[in-house]
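Novice: Each chain, written out:
Number of protein chains: 2
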Amino acid sequence: MTTQEILRSARTACPALRCASQEQKDAALLAMADSLWAERDRILAANAQDLEAARGHISDVMLDRLALNEDRIAGMAEGVRQVAELPDPVGRVLRTVERPNGLVIRKVSVPMGVVAIIYESRPNVTSDAAALALKSGNVCVLRGGKEAFRSANAITEAIRAGLEQAGLPRELVNLIQDTSRQSARELMTANGLVDLLIPRGGAGLIRACVDNATVPCVETGTGICHVYVDARADLDMALDIIDNAKTSRPSVCNAEEVCLVHSAIAEAFLPLLKRRLADSRAAAGLTPVELRLDSRAAAIVDGTPAGEADFDTEFLDYILAVGVVDSLEGAAAHIAAHSTGHSDAIVTADPAAAAYFAAMVDSAAVYWNASTRFTDGGEFGLGCEIGISTQRLHPRGPMGLEELCSYKYIITGNGQIR
Amino acid sequence: MTTQEILRSARTACPALRCASQEQKDAALLAMADSLWAERDRILAANAQDLEAARGHISDVMLDRLALNEDRIAGMAEGVRQVAELPDPVGRVLRTVERPNGLVIRKVSVPMGVVAIIYESRPNVTSDAAALALKSGNVCVLRGGKEAFRSANAITEAIRAGLEQAGLPRELVNLIQDTSRQSARELMTANGLVDLLIPRGGAGLIRACVDNATVPCVETGTGICHVYVDARADLDMALDIIDNAKTSRPSVCNAEEVCLVHSAIAEAFLPLLKRRLADSRAAAGLTPVELRLDSRAAAIVDGTPAGEADFDTEFLDYILAVGVVDSLEGAAAHIAAHSTGHSDAIVTADPAAAAYFAAMVDSAAVYWNASTRFTDGGEFGLGCEIGISTQRLHPRGPMGLEELCSYKYIITGNGQIR
Numbered sequence: 095m096t097t098q099e100i101l102r103s104a105r106t107a108c109p110a111l112r113c114a115s116q117e118q119k120d121a122a123l124l125a126m127a128d129s130l131w132a133e134r135d136r137i138l139a140a141n142a143q144d145l146e147a148a149r150g151h152i153s154d155v156m157l158d159r160l161a162l163n164e165d166r167i168a169g170m171a172e173g174v175r176q177v178a179e180l181p182d183p184v185g186r187v188l189r190t191v192e193r194p195n196g197l198v199i200r201k202v203s204v205p206m207g208v209v210a211i212i213y214e215s216r217p218n219v220t221s222d223a224a225a226l227a228l229k230s231g232n233v234c235v236l237r238g239g240k241e242a243f244r245s246a247n248a249i250t251e252a253i254r255a256g257l258e259q260a261g262l263p264r265e266l267v268n269l270i271q272d273t274s275r276q277s278a279r280e281l282m283t284a285n286g287l288v289d290l291l292i293p294r295g296g297a298g299l300i301r302a303c304v305d306n307a308t309v310p311c312v313e314t315g316t317g318i319c320h321v322y323v324d325a326r327a328d329l330d331m332a333l334d335i336i337d338n339a340k341t342s343r344p345s346v347c348n349a350e351e352v353c354l355v356h357s358a359i360a361e362a363f364l365p366l367l368k369r370r371l372a373d374s375r376a377a378a379g380l381t382p383v384e385l386r387l388d389s390r391a392a393a394i395v396d397g398t399p400a401g402e403a404d405f406d407t408e409f410l411d412y413i414l415a416v417g418v419v420d421s422l423e424g425a426a427a428h429i430a431a432h433s434t435g436h437s438d439a440i441v442t443a444d445p446a447a448a449a450y451f452a453a454m455v456d457s458a459a460v461y462w463n464a465s466t467r468f469t470d471g472g473e474f475g476l477g478c479e480i481g482i483s484t485q486r487l488h489p490r491g492p493m494g495l496e497e498l499c500s501y502k503y504i505i506t507g508n509g510q511i512r
Numbered sequence: 095m096t097t098q099e100i101l102r103s104a105r106t107a108c109p110a111l112r113c114a115s116q117e118q119k120d121a122a123l124l125a126m127a128d129s130l131w132a133e134r135d136r137i138l139a140a141n142a143q144d145l146e147a148a149r150g151h152i153s154d155v156m157l158d159r160l161a162l163n164e165d166r167i168a169g170m171a172e173g174v175r176q177v178a179e180l181p182d183p184v185g186r187v188l189r190t191v192e193r194p195n196g197l198v199i200r201k202v203s204v205p206m207g208v209v210a211i212i213y214e215s216r217p218n219v220t221s222d223a224a225a226l227a228l229k230s231g232n233v234c235v236l237r238g239g240k241e242a243f244r245s246a247n248a249i250t251e252a253i254r255a256g257l258e259q260a261g262l263p264r265e266l267v268n269l270i271q272d273t274s275r276q277s278a279r280e281l282m283t284a285n286g287l288v289d290l291l292i293p294r295g296g297a298g299l300i301r302a303c304v305d306n307a308t309v310p311c312v313e314t315g316t317g318i319c320h321v322y323v324d325a326r327a328d329l330d331m332a333l334d335i336i337d338n339a340k341t342s343r344p345s346v347c348n349a350e351e352v353c354l355v356h357s358a359i360a361e362a363f364l365p366l367l368k369r370r371l372a373d374s375r376a377a378a379g380l381t382p383v384e385l386r387l388d389s390r391a392a393a394i395v396d397g398t399p400a401g402e403a404d405f406d407t408e409f410l411d412y413i414l415a416v417g418v419v420d421s422l423e424g425a426a427a428h429i430a431a432h433s434t435g436h437s438d439a440i441v442t443a444d445p446a447a448a449a450y451f452a453a454m455v456d457s458a459a460v461y462w463n464a465s466t467r468f469t470d471g472g473e474f475g476l477g478c479e480i481g482i483s484t485q486r487l488h489p490r491g492p493m494g495l496e497e498l499c500s501y502k503y504i505i506t507g508n509g510q511i512r
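Same order as they appear, the protein sequences are chains A and B.
This note's numbering numbers the first residue of the first sequence as 95 and each following residue consecutively.
This note's numbering numbers the first residue of the second sequence as 95 and each following residue consecutively.
Hints are computed from structural coordinates only; laboratory data are not their basis.
Be aware that a few hints might be false.
When chains are identical, the list treats them as one kind, so a pair holds in a single copy or across two.
[Stated by the list, open to error] Listed below are the simulated EDC-like cross-link pairs for lysine to aspartate or glutamate, each with C-alpha atoms no more than 16 Å apart in a straight line:
id, residue 1, residue 2
1, K201, E496
2, K240, E214
3, K240, D182
4, K240, D272
5, K201, E408
6, K201, D470
7, K240, E408
Here the structure is a predicted model, which is why all the values come from computation and not from measurement.
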């Protein structure tokens, strides 16, 4: 089917899901999970073809992201089952107002409708996105990267078989068959057919969607996250937090990229930071973190001199830009100028400094004495997420099931006119 | 100042407003209102120049929209004072979660940042938008139509004088000085400087913003609103509701454009409808409503034969498309295919029919036994609004102060790492 045919068929399928009960949706999720496992041989065969075709064309890291095995398929199925455990986000009465004229106005959560997701080569995104969309009552239209097309197609077919076994239409989960740029453009401009577009992937993909989408689109993911070590920080806590935020998983969007240090403690703290992130890690056989130092930090410890761009770069690697600031206000101003609005942290024992930081730093998640790595649907207690929104127009931050819903007003009268 | 200079200055002004207390904001609103009244002669002089320049170039309806007098300026000032009476939407704790690891996650309402509003020739939009933006903690960048530029500029200057008297920076309220298309394009693509773009005006303006904006944009306004008269409707109630929805103010987006009638009552109802909307109005010297009838309605009463386009047109005039359907399901299917998702109503004495309609009609506002004309911030109890969103990505429906806010997560820990 062409992209337009898939979109029209998805739109037509919306009412079936809008009215599905929680029991029906959860039964379908369990059937989808069972079907993923039952079809594992077919999925692995398709994945082997994808890997064979991609070898030599993409990096080893990308190949690893693309590769499936039985464990990974079991993990995908388990992820789908976990979504079935979560509460139904649809049909919640968010507010009820009775007006003086007797009108009763209820604000009720409803599905968005058709959610399109453009992503790259991780096959598990296919099942994760399908599960989240189904539970939130949304018909999904998935468009994965061409390297992973055979895998995504096999996963989608398994999911659709599960839907059919549960008595729901196959058209609730759709995979675009064309992996050229043209199909991505069609999704971005499918006004009236796509209610929400979510890009999931690298900065280039997100930029392309934000620049070209005429359908509502949520900007996700890019994280230039800061940790500011205040004059009154517990230095051991600061080291633990920075070590965790930088090195526990450098490739993700909630990893720290910039460390700002108050000048009053810079002479004490920076040598400890260098020992912790660089020297100790090298001695332990771990990848040392390269410190890119502004001139004031470079006067205190050794490291790479930072260029201007280093404070505006999402390294996603064992690299940390380090700067010295003279005040809390200076730290907040630096963050206002350089943050992508994802996650920023202050380490301080001073509640007034923390309150100022929380008020002035306008990021989706602002931390006091904790690692930026917690910006995640699971860690926030949302159960799951489809991405982290870095825009201010809702939703913002981790997008779980509730954030995949819209709302409408249902107004009951007895003949009121205006 | 150029558009880019204004945008950069607006961005810089955000922190001053983000931290302003409710008292400061409300005092500024009262000062703005006083200043509007104090500067009324200057505003009226500017308006006279606008009217003089526009005469002969725009319609009488448009000239009337553009015209100001002392009463209208008093009304604008009163509108600003009313916003001061509303509760502060900023800083509300929307949710608090304590996680098993001890992290306390608070979801707190915050301003969007810089809100850009592109509008047309009504001068009162300038003061309304400035007041709503200020109260919701947003710096506003206004871009009005060229016919109203002198009026909007005088109003903005009065507002800015009020801000200064209240000790807040003038840069919280900004009017783009360039009224060419170029400045509108600059606002639409000012990523990093504009957090939310709201078009307020006709379908062409809204379409241009939706198609060209790369900043987050809310689609507003277009309303092809339906009233469906069910087999079990109270016909008198239906007549009152349709008369109100169609004729009380035909030029607004929540006015009815399409009436669907169940076939079981069409023979009884359509003659009553024609008498009420056409014959009685003509006899009373009022503009009669032109009924554009599908073939089944035309077999029952006289009227203009409806063309296919008549069921997809926002007439904004004394015209009503009328169709006969065989069932509730048929009505819902017609609405799904033709509604703009603004406001749709069912008139019925049958609660099950109303529940089905409310579930299946996916519009921002779904009415049971009430006029579509109630879709309005004031009527919903929001106190005010800046527009009606017809998209599903939040905000949806009337956009009051809360809908002009975003939220962020403030996370408090004691050294948690992941």
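Novice: Work down the list of hints and note, for each, if the structure agrees.
Specialist: Taking the hints in turn, this is what the structure says about them:
{"no.": "1", "hint": "K201 x E496", "in the structure": "both (14 Å within a copy, 14 Å between copies)"}
{"no.": "2", "hint": "K240 x E214", "in the structure": "within (8 Å within a copy, 45 Å between copies)"}
{"no.": "3", "hint": "K240 x D182", "in the structure": "neither (33 Å within a copy, 49 Å between copies)"}
{"no.": "4", "hint": "K240 x D272", "in the structure": "within (8 Å within a copy, 45 Å between copies)"}
{"no.": "5", "hint": "K201 x E408", "in the structure": "neither (39 Å within a copy, 26 Å between copies)"}
{"no.": "6", "hint": "K201 x D470", "in the structure": "between (27 Å within a copy, 14 Å between copies)"}
{"no.": "7", "hint": "K240 x E408", "in the structure": "neither (25 Å within a copy, 42 Å between copies)"}
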